[in-house]
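*Asks:* Just so you know, the protein sequences line up as chains Z and G, in that order.
So for the first sequence, the numbering used here puts the first residue at 39; every next one is plus one.
So for the second sequence, the numbering used here puts the first residue at 39; every next one is plus one.
Rather than coming from a laboratory, the hints here were simulated on the basis of the structure.
Any given hint could turn out to be false.
Any copy will do: because identical chains look the same in the list, a pair fits if it lies in one copy or spans two.
Claimed, not checked - Below are the DSBU-like pairs computed for lysine-lysine, each with C-alpha atoms no more than 30 angstroms apart in a straight line: (1) LYS115 / LYS296; (2) LYS452 / LYS80; (3) LYS356 / LYS141; (4) LYS267 / LYS73.
Quantities reported herein were computed from a predicted structural model and do not represent experimental measurements.
2 protein chains.
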Amino acid sequence: MTDTQEGRRRRSTRGRDRSERETSGFQQLPWQQVKNPFPPFKFISDDQIEDIHNASLQVLEEIGLNFLLPEARVLLKAAGAQVNDNDTRVRFDRGLIEESVAKAPSEFTMHARNPARNLHWGGNTLNFAMVASPPNVSALDIPRTAGTFDYYCDFLKLAQSLNIVHCLGGYPVEPIDKPPKQRHLYAYQAMVRLCDKVNFAYALGDERIRDDLEMARIARGITMDQLCKEPSFFTVVNANSPLQYDIPMLQGMTEMAKHNQPVIVTPFTLAGAMAPVTVAGALVQQNAEALAGIAYMQIVNPGAPAVYGGFTSNVDMKTGSPAFGTPEHAKATIIGGQLARRYNLPYRASNVNASNAPDVQSTYESQMTIWGCTMGYCNLMMHGLGWIEGGLCASYEKVIIDAEMLQMMAEFLKPLDTSEPELALEAMRDVGPGGHYFGTAHTLERYENAFYAPILSDWRNFETWEEHGSMDATQRAHRIYKELIEAYEPPPLDAAIDEELDDFVQRRIAEGGVTQD
Amino acid sequence: MTDTQEGRRRRSTRGRDRSERETSGFQQLPWQQVKNPFPPFKFISDDQIEDIHNASLQVLEEIGLNFLLPEARVLLKAAGAQVNDNDTRVRFDRGLIEESVAKAPSEFTMHARNPARNLHWGGNTLNFAMVASPPNVSALDIPRTAGTFDYYCDFLKLAQSLNIVHCLGGYPVEPIDKPPKQRHLYAYQAMVRLCDKVNFAYALGDERIRDDLEMARIARGITMDQLCKEPSFFTVVNANSPLQYDIPMLQGMTEMAKHNQPVIVTPFTLAGAMAPVTVAGALVQQNAEALAGIAYMQIVNPGAPAVYGGFTSNVDMKTGSPAFGTPEHAKATIIGGQLARRYNLPYRASNVNASNAPDVQSTYESQMTIWGCTMGYCNLMMHGLGWIEGGLCASYEKVIIDAEMLQMMAEFLKPLDTSEPELALEAMRDVGPGGHYFGTAHTLERYENAFYAPILSDWRNFETWEEHGSMDATQRAHRIYKELIEAYEPPPLDAAIDEELDDFVQRRIAEGGVTQD
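Take these sequences, add in the hints, and give me the full structure.
*Replies:* Below, the structure written as structure tokens:
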């Protein structure tokens, strides 16, 4: 008798219906900090890590990076970097890099406006952030279209509703209908009102960051002094790979560092396009760019929280299209974690894919990166929920698909109890050869919480599934996200805080927002 | 600037078309033995493994198993097991188990009729087998229907066409239109004719196995003596969990062991139904059943090749439905590998899911098991390609989806070269800050084979993808499998062998096939 024949024999026990599932409330895992209990995995040896480390220091010494912001070059020169007048190039000797990077903290707490949503970043903690920055949005009944403030708010509601979302990671979809110079005001206010988790702001110049600092301060009801002691929102800076930081990102980065708010320094090293065509070479460049950015932050403000960002994937060499979730991407993600640990820095990676739809491709590419993040011991998984199309589109259904996959990973990471009652010898004595365990005491004591209960997977038998419309998982995800938005309730927000925040936002909007592009 | 904004800036390089992809031949990885270069992963500690080991030996000593075949009990009693007359129960002391299991080889070669398709089973080799034993078949244009010989042959053609398929693992779909007593004759002949890879036979009594031995001998053009030195086909025996082996499987197992052909001993331990509701308890039972079966084989024929099979997953406690690809399943798969290594045995696990369609659920559940197999160091991944619906249906599209996922895993497992040219310092010097790598010498020398080239993933930009019909990955998989069957050519087969095999098959069919049910 073989697997399936045995399965058929037993299948008589398979449930005929589970209609309660279709009407009952949404069951999900509780809010939790996910911990990775395993020793970090080494894709390459420590010697190979040193080879990448040394090559990247050689890049920083011999080639250097362009820092396009003059004020940044002044600071770097004063700290000992090699900078020539009238030249944007900055070269670092290895001592300066190593000393500066060593000043960044290895772990820290991120403060949410709801203290119950504070996060630990570093060590063996794995945090999941929402998708960030797609210009477009789609759903099964919304053909791909430009992001708006309404769609943006929908995704914030999903971020609030799903316990597996630890924080925002940017605008889940770009609210393109808000004017660029005021968009951050509308967007940050909505984040605060609709979601009580850790927030994000874009490092597009320093004026926006100053507004964001004030909004973060108000939202938490604290002084600016206290905010500067308690990281409360974060930004991502992608180097203009290869080997360049532009003016707006350096302005934003400087302002964040000055105020002790974390910057995720993430080189945009797609092998074959903005980085060498070899994974090893792309990682050398990633490492050089990340170290230079983090060193700069420490020169601005020693001890400012920084996160080592890994985003190395590859392009499709036939078309130049970015590819994500490739075998090369999974390798680079794990090795990025080895590098971050080499410097005692928290590590950021991503759950990403290049599919144009929330389909099977988006799923297996995502899984390659989710496992890469886990085995790479990443502390912050950006784009954890909702990203498709290489980041050009936020998918409502993909949010739910990702929530299921991330919940499954969180459960997988729970250690196995092998204490005597769990080894179940008594149960085996009770049941004996040829019986079954459905009714035994050992089962009855445990069955309600014995196993992970999915939010999306449908385990009903084929006939029942067919009777109920043969919905595939993407169609079910569609129904689930709509129900979540329907059932959404905003988290409590102190009326005085809400009013103070609104006053600030309205005033800044009336002033026209920022002057910077 | 953030990930996506940077992506948009670069996206101008993204290809407008790749129509050559749609007409050109099928590009896949070459035939290869996949090796896992990493140290085996430990989900639980060695001490916890000893706890499971000791508990399972206690089960075998105190509770024992039912061996329903009287001749098997005679052999076991003679070997020192505790057997009472008129009782099917067999109890083993730990010495008998440990001594017997130690006689099984830790690795061996599986011989295909085409020697270029021989396989190494054991060590760090990962072999992928086709789906086995579903009674039903489906495709996007074939509503789920009972398996037939024609569908069966289609799947053999796909198994032959896809290099990532290392061997068959049973009938990819049950050819229900062939009479049960003759089915193995039609089926084995088709395996030999349509596919030159390692074969499988079902252990449903000993008569069928005797026919299969003769067909395997003829197919390889060797003597029975030589066949008994060279494992050439294999079977899977699922214990009738809990703690029982029935008559047909013991007959088949005995006949296989006598002739030195491998048996994959795989307890059917779904936690909560046929095994305790705890993963630890289900693993204790799995281990007891696997060790008892493997010990029995070694008592029949010391040194006969055996594989430790792990199939522990859980049921949905709401309905009793089997679930696969759950977090519990992934854990059990990895721990199963730790147990198999404890006994120096090759390890079998599976790529399985419980979805009713080749959709996103089937994909993420599969990925959980593919990663479980890889981290568990499995040597034989059963149901590697094509399984959906808990094994009740073979899906044509899933074969292609799995082929892509397994190819990606094979590529992921290739070690990273960090030699000096790969570190690419020269390329970085060439390109410098702000440039790109598309045209640099380092890229031009490598771009054609730099990265994994997918068979199913579509990385074209959204607009081009939409112009070509917005096909999701399952729809593309549908087209690909049809093209593969269309383009299929049978592997060479010596005419004399083909004739001898056909003579045997026709004679046995004329005789009515086997007498056993």
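*Asks:* When no copy is specified for LYS452 and LYS80, does a C-alpha distance of 30 angstroms or less occur within a copy, between copies, both, or neither?
*Replies:* For LYS452 and LYS80, both the intra-copy (21 angstroms) and inter-copy (14 angstroms) Cα distances are at most 30 angstroms.
*Asks:* Is it within a copy, between copies, both, or neither that the alpha carbon of LYS267 lies no farther than 30 angstroms from that of LYS73?
*Replies:* within (25 angstroms within a copy, 50 angstroms between copies)
*Asks:* Should LYS115 paired with LYS296 be assigned to within, between, both, or neither, using CA atoms and 30 angstroms as the limit?
*Replies:* The answer is within: 18 angstroms in one copy meets 30 angstroms, while 80 angstroms across copies does not.
*Asks:* Classify it for me, LYS356 with LYS141: is the Cα-Cα distance of at most 30 angstroms met within a copy, between copies, both or neither?
*Replies:* So LYS356 and LYS141 fail the 30 angstroms test inside a copy (43 angstroms) and across (53 angstroms) alike.
Of the hints listed earlier, the one the structure fails to meet is number 3.
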